[in-house]
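Asks: Next come the chains, spelled out residue by residue.
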Amino acid sequence: MKERYDFMSEQRLDLEDTMTKLRKVIADMTQNMKEQFKEQFALINKNFQEVFRELFGGGNATLKLEDENNILECGIDINVQPPGKKLQNMMLLSGGERAFTAIALLFAILKINPSPFCVLDEIEAALDDVNVYRFADYLKKFSKETQFLVITHRKGTMEAADTVYGVTMEENGISKLLSMKLRQ
Amino acid sequence: MYLKRLELQGFKSFADKTVLEFMPGITAVIGPNGSGKSNISDSIRWILGEQSIKSLRGSKFLDIIFSGTQNRKSLGFAEGSLVFDNSDGKLPIEYTEVTITRKLYRSGETGYYINKVPCRLKDVLELFMDTGIGKDGYSIIGQGKIDEILSNKSEDRRNIFEEAAGIVKYRVRKQESEKKLERTKLNLLRINDILSEIEANIEPLKQSSEKAKKYLNLREELKNIEIGLFIYNIEKYKQSLEEIVKDEEIYKSQCNEEEGRLERVKSLKEELKSQIDEITVRIEEMSNIGFESQKEIEMLNSDISVAKTRIENNNENSKRYEKEIEESKEKLNDLNEELEQKKEKKDNLKENKEKFQKELEEKEEELRKITEKLSSKELEIEGYKTKVSQNTDKKYELQGDIHTEDINFENYEKRERQIQNEITTNISELDSTRLQKEDISKEFYEIDSKRNKIVKSLEEINSKKEEADKKIKLYESNIIAYQSEKRIKESRLKFLIETEKEKEGYIKSVKSLLKDCENIKELGKGMNGVLANIIEVPEKYQTAIEMCLGASLQNIVTETEEDAKRLVEHLRKNNLGRASFLPITSVKGKKLDKIKGNEKGVIGIASDLIKYSKKYEQIIINLLGRTVIVDNMDTAIKVSKQNNYTFRIITLEGDIINPSGAITGGSVTKKTVNILGRGKEIEKLQKEIKALEEKITKQEEEKKEFEKSIEDILEGASSLEKELQEIDITYATEKQKLVSIEENISKIEQRVNKLKEEKEHLKQEKENSLENKEKIKEEIQKLTEETEKLTNIIQEFSELNKDDQKYIDDLNFDITNLKISVTSFDESESSIEEIEERIKKEVENTNRSIENKERQIEEIKQDNITLNESIKDIEEKIKEIKEEVKTSGSKIEELKQDRINKNEMLNTKEQEINDKFKVIEDLKAQIVKIDVKKTKIEDDINDIINKMWEEYELTPNNVVDYKKPENVSATQKKVNSLRKELKELRKCKYRCNRRI
Chain A
5 MKERYDFMSE QRLDLEDTMT KLRKVIADMT QNMKEQFKEQ FALINKNFQE VFRELFGGGN
65 ATLKLEDENN ILECGIDINV QPPGKKLQNM MLLSGGERAF TAIALLFAIL KINPSPFCVL
125 DEIEAALDDV NVYRFADYLK KFSKETQFLV ITHRKGTMEA ADTVYGVTME ENGISKLLSM
185 KLRQ
Chain B
3 MYLKRLELQG FKSFADKTVL EFMPGITAVI GPNGSGKSNI SDSIRWILGE QSIKSLRGSK
63 FLDIIFSGTQ NRKSLGFAEG SLVFDNSDGK LPIEYTEVTI TRKLYRSGET GYYINKVPCR
123 LKDVLELFMD TGIGKDGYSI IGQGKIDEIL SNKSEDRRNI FEEAAGIVKY RVRKQESEKK
183 LERTKLNLLR INDILSEIEA NIEPLKQSSE KAKKYLNLRE ELKNIEIGLF IYNIEKYKQS
243 LEEIVKDEEI YKSQCNEEEG RLERVKSLKE ELKSQIDEIT VRIEEMSNIG FESQKEIEML
303 NSDISVAKTR IENNNENSKR YEKEIEESKE KLNDLNEELE QKKEKKDNLK ENKEKFQKEL
363 EEKEEELRKI TEKLSSKELE IEGYKTKVSQ NTDKKYELQG DIHTEDINFE NYEKRERQIQ
423 NEITTNISEL DSTRLQKEDI SKEFYEIDSK RNKIVKSLEE INSKKEEADK KIKLYESNII
483 AYQSEKRIKE SRLKFLIETE KEKEGYIKSV KSLLKDCENI KELGKGMNGV LANIIEVPEK
543 YQTAIEMCLG ASLQNIVTET EEDAKRLVEH LRKNNLGRAS FLPITSVKGK KLDKIKGNEK
603 GVIGIASDLI KYSKKYEQII INLLGRTVIV DNMDTAIKVS KQNNYTFRII TLEGDIINPS
663 GAITGGSVTK KTVNILGRGK EIEKLQKEIK ALEEKITKQE EEKKEFEKSI EDILEGASSL
723 EKELQEIDIT YATEKQKLVS IEENISKIEQ RVNKLKEEKE HLKQEKENSL ENKEKIKEEI
783 QKLTEETEKL TNIIQEFSEL NKDDQKYIDD LNFDITNLKI SVTSFDESES SIEEIEERIK
843 KEVENTNRSI ENKERQIEEI KQDNITLNES IKDIEEKIKE IKEEVKTSGS KIEELKQDRI
903 NKNEMLNTKE QEINDKFKVI EDLKAQIVKI DVKKTKIEDD INDIINKMWE EYELTPNNVV
963 DYKKPENVSA TQKKVNSLRK ELKELRKCKY RCNRRI
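As you go down the protein sequences, you meet chains A and B in turn. Residue numbering for the first sequence follows this note's numbering, starting at 5 and increasing by one per position. Residue numbering for the second sequence follows this note's numbering, starting at 3 and increasing by one per position.
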């Protein structure tokens, strides 16, 4: 009985110890996250500005944390200024401009932290022909770092591709794949 | 790391197994809308652990599985695999190729696999964490994801940024730690519970501890004795163990020696074996050499035959070439002859040509002379001729003009006649139209006057109608006014009746008594009601009487005193409060006889001013018989002074001067519930309402009557309106007709005017045309005269020159013939030159081919020489090889003999080895036996040591202090008895524990 009592007391001490350790770990981790996020966010912001200027041929764009004191929970604002227009919120842009801004953001992120591969499902559908070619050039530039799988209807993008797959529906309801390798 | 392959089977529209191979770089997927392109990106997201069916564009999870078409059955499962190349080790796993597979069965089972090994979703997610790959990351941007990035909710964008910043891993770990913390807290709580329980149980334990102490003492004693025994036993065992170990060592050394010998023999045997193998290899090599040499000889022989056939071929070829050269030379001779011939022909042609040219020059000279002679005169004549032809041309032209003028004239006349006709028809039409117009306008005016009449009468009727309408409206507004007044009164009446019913305004005791009397007939017998209800006060005295009576207004009038008594008892019994009663039989009063003075403002004695039933006279006199009502305070004061304050005086405003001289007065609050006038007001209201109703019905009847009376007027108005409408229609059509006819007339007049103008114009034209014709005729006359003169001159001249002309013609003919033949000579000359050229070229070609062939013959000769030499070489080589084969055969025989000897030696060695093996086995069996004995003794020792540990927690090292027993068997007995006693104590202790 006494043994059991001693054993349990020991266990309690252990648990209390564990709890304090865990609390410290969580605090450390939060601090780490904060620092890393802050650093990376600043980088993304810088790159976003660069990429935006290159894609739009001028203008300005910034990312902003909504609450500087709570960077791990707060939202993120995007303010953009296409060339020759006023600084405005994303919502006021035209559909094509918005898509293009989002693409700029995507490329900015890929620039810092290139993901091994990236699937893009008709994200450039809203762009005009000139911008599709700019988009395709950028894709090519990044394709050394990142493998791209682009689903597209646009000629400019297809021209940039190394491999093209065609999907058809010869039989109703069943997709069929055709391979057409291009540059070899 | 890159994506190598995507394999799909049964995923959405990909029914058959589909494999997409990816290369680094850009891969595009294209296709028409609805072909299933986006299913590819969906599949990738699914494999990477997407849980939301909605984001995979489905409504339930089974939508993922191919659901069949008209021609195809649905499938039972969906499977997708992503194959990554991980040779750069970016994924934290040790494989260079990583396959992630996800399967979903129709039964709802789902599974993830990494390299075909089943795993959890968490494993897959962790594998890709912070690589940017993942269902929430930025690696799969689907349709609509763009909008999400830019969505209104800025919090939604965080996911992507977090993935990009690489903090997702931390976030997940943090969540895990938080969970762990939560669990730890729970555990702590549980342990605290258990601890408190244990603390409660500790007390009873102390009691048993004393018994335990005794137990321990006994045990200590046992320990001392028994351990001595143990030590004795251990030492005994150890001694026998040492002996056995010695034996074992002897056997082992023997065994080792034997094994060493065996090894030596074995190595000797191996050596022999390898020697034999070597010999066998050499024999084989030798025989192989013989075989190969045979092959080589055959090959060389075939080479020789090849070389020989080639020499023969070469000889034939050189013969053929020589023959060809012969032929070419003959051909060359023929060609040279032909060339000679052509040259001769060419010379002939040149001579002929020169002759013709000379003749041609002479003829041309002659021609030139004659033409010079003729030319001057001829030029003159030529001029005349052209003049004549010009004149005739002009004449024809002018005659044509005359003709056209004639035609024009005729046309003009025709047109004139036409116009005349048209004018007459138009004028007659105009007349008839004018007549028509008169008729129509007459009709129109009739209709117009009729219409005016109707309009006037309609206006009259309308004004009447308006008046009637006004009157009806008046009636209606009256009715509405009455009705609203009635409604107000009715609501007031309803209110009053309600309050009367509820006895509102009475004090509580009176109210409840009245109610009870209504409910209980027995009680209400002899009760005549409240004073306020039995008197009727004219409105102007209401305030005065109310003030005067005050609380007495609520006094209850009864028939007899008995009735009053009963009611009082009822009040008391039911604890309803107090009330005053006025029994008719007992209350008596004295009325004022006379009011002194003769003031104008005195209205009268109050009891005279109100109405009441005779029955209550005494009561009223009692209450109001000595009260005088005056118009105002001044009068009141005067009267009271004049009468020496013998009665009460009250003004119309309710101010009171009492007989005592006291004055009561002031403002009176207006009450909604006035108990005094209530009964009267109800009656009045009812009467008024009735009157209003009568008024309303009267007004309505009047209105109805009036409406009936104006019905005729209304009917007349509507019929007139209808008539007017009809007339309006005919009026409009007639008017239209009139206008159109007027238009018609003006049109016809215009037309006639135009025609007249045209006629005038035509006359002018006709005159012009006649004049023109005359002029042209004169001109023609002039021209014919001139032409005649000129033709005469030409005639004369042409007769003079007839001969010369003929000569010239002949000469011209000759010249042309000569020119033709000269050019034909030129042509044939050039053709001959061409032929010559061709022949020369052919000669050259033939020479060249001859040279070639001679060279080839030379080459063939050279070739033959080298071939013959090589044949000689080969034959020598064959001889050498044959010799070599012979020597190797004898050597093989020697080697074989050697091998047989060695094999015999090997056999004897093997026998030796077998013998040795037997000896070693015997020795080993002996060692095993000793080993078994040894382990048994060791086990015994261990048993004792274990027992020591179990019983007393002592090891042999700790027991040096304990003494060995002197008498082993006596000690054993003592140990047994002690054990028995301890056992008893243990039982007792067990019971104690059970109790606890």
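Hints may contain errors.
Computed Cβ-Cβ distance ranges for the label pairs, DEER-style [stated by the list, open to error]:
#, chain 1, residue 1, chain 2, residue 2, range
1, B, Gln974, A, Met23, 54 to 60 Å
2, A, Leu17, B, Gly78, 28 to 34 Å
3, B, Glu983, A, Leu17, 55 to 61 Å
4, B, Trp951, A, Lys25, 47 to 53 Å
5, B, Lys19, A, Met23, 36 to 42 Å
6, A, Lys25, B, Leu191, 15 to 21 Å
Simulated from the structure, these hints should not be mistaken for lab results. Just so it is clear, CB atoms sit at the ideal spot from N, CA and C, and this is done for glycine as well.
Asks: If a hint holds in the structure, say so; if it doesn't, say that too.
Replies: Hint-by-hint comparison with the structure:
A hinted range of 54 to 60 Å holds for the C-beta pair Gln974 (chain B) and Met23 (chain A), which are about 58 Å apart. Taking 28 to 34 Å as the suggested C-beta distance range, the pair Leu17 (chain A) and Gly78 (chain B) does not conform, at roughly 56 Å. Remark: the range hint 55 to 61 Å for Glu983 (chain B) to Leu17 (chain A) is contradicted by a beta-carbon distance near 42 Å. For Trp951 (chain B) and Lys25 (chain A), the Cβ-Cβ distance of about 38 Å falls outside the hinted range of 47 to 53 Å, so the restraint is violated.
Look at Lys19 (chain B) against Met23 (chain A): about 53 Å separates their beta carbons, and that is not inside 36 to 42 Å. In this structure the hint that Lys25 (chain A) and Leu191 (chain B) lie 15 to 21 Å apart at CB holds, the actual value being about 18 Å.
In summary, the structure is inconsistent with hints 2, 3, 4 and 5 from the numbered list given earlier, while agreeing with the others.
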